[in-house]
Amino acid sequence: MKVTQNSRISRTRPSKATTGDASSPSVAPKPQDSVAIAGIPKAELTPRVMRALTELMQEVATLRHELAESKARMDELTTLAFTDSLTGVFNRRAFVAELNRTLAIVNRHGQAAALAYFDLDNMKGINDTLGHAGGDAAIKHVTNKIKENVRQSDVVGRLGGDEFGVIFNYSDKESASGKVQYIRDEIVNTPVKLGDETFSVGVTAGLAPIVQGTTAEATLDLADSAMYKGKKAKKSAG
Numbered sequence: 003m004k005v006t007q008n009s010r011i012s013r014t015r016p017s018k019a020t021t022g023d024a025s026s027p028s029v030a031p032k033p034q035d036s037v038a039i040a041g042i043p044k045a046e047l048t049p050r051v052m053r054a055l056t057e058l059m060q061e062v063a064t065l066r067h068e069l070a071e072s073k074a075r076m077d078e079l080t081t082l083a084f085t086d087s088l089t090g091v092f093n094r095r096a097f098v099a100e101l102n103r104t105l106a107i108v109n110r111h112g113q114a115a116a117l118a119y120f121d122l123d124n125m126k127g128i129n130d131t132l133g134h135a136g137g138d139a140a141i142k143h144v145t146n147k148i149k150e151n152v153r154q155s156d157v158v159g160r161l162g163g164d165e166f167g168v169i170f171n172y173s174d175k176e177s178a179s180g181k182v183q184y185i186r187d188e189i190v191n192t193p194v195k196l197g198d199e200t201f202s203v204g205v206t207a208g209l210a211p212i213v214q215g216t217t218a219e220a221t222l223d224l225a226d227s228a229m230y231k232g233k234k235a236k237k238s239a240g
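Quick note: the sequence shown, position 187, residue 189 per my numbering, numbers continuous.
Hints listed in this document are in silico derivations from the structure and should not be mistaken for laboratory results. One or more hints might be untrue.
Below 25 Å or equal to it, Euclidean Cα-Cα: the simulated DSS-like pairs (lysine-lysine) are [as the list claims (entries may be wrong)]:
no.: 1; residue 1: 233; residue 2: 181
no.: 2; residue 1: 142; residue 2: 126
no.: 3; residue 1: 126; residue 2: 237
no.: 4; residue 1: 233; residue 2: 126
no.: 5; residue 1: 142; residue 2: 44
no.: 6; residue 1: 149; residue 2: 175
no.: 7; residue 1: 126; residue 2: 195
Small disclaimer: the values here were computed from a predicted structure and weren't measured.
Please model the entire structure based on the sequences and the hints provided.
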């Protein structure tokens with residue numbers, strides 16, 4: 003590694019001539035250079051000291067590189083721990099943590115918020131007909147349509163195999179209801195492409211308010227129950 007040198011230049015003031023004609027201009031001495039590396043004067047930079055400094059700086063550079071690699075690896079592991087590998091959205095653990103964070107704000111400030119629970123219809127039929135590739139395509143399709151139609155302040159997570167949650171921050175249940183219906187329509191009315199084939203995906207959604215004094219699991223249960231009521235209503239309608 004090249005050793006960086008910082009030059010410190012000290013200049014002496016021109017002195018008056020002590021001999022000769024007093025009217026003759028005095029001659030200024032040449033500037034004297036004083037070079038220091040890591041605070042060590044040049045006079046002390048013997049070859050042995052230079053070698054030691056170079057080795058030390060190389061070790062520091064190596065440690066910095068290893069530290070950067072370790073941090074990058076830690077960031078990668080954190081991402082893997084909290085992100086669903088197929089869809090790239092939060093996994094259930096991370097989503098529940100975000101829901102608890104929203105609940106803390108709701109409890110402290112009375113902020114309006116709502117939770118939506120989406121579940122794909124006939125996922126087994128898609129897997130049986132199109133295989134796991136079809137199932138994965140359906141899940142990615144639902145994820146993309148949800149992400150395309152929520153705000154940056156909202157939170158999206160995959161809660162299970164074909165189940166998704168959305169936290170609508172700063173929205174009460176009534177305000178979030180229209181958005182949920184719009185997302186559902188986008189999912190249903192947009193065909194999914196799989197190679198040369200296209201197919202449609204059905205989805206049912208349930209919605210629950212996020213209110214003060216409740217828990218994340220209780221709120222999830224409410225939204226899940228609302229979703230199952232929707233499933234039953236679809237079956238009853240034929």
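Item to check | Hints not upheld, ascending by number | outcome: 5
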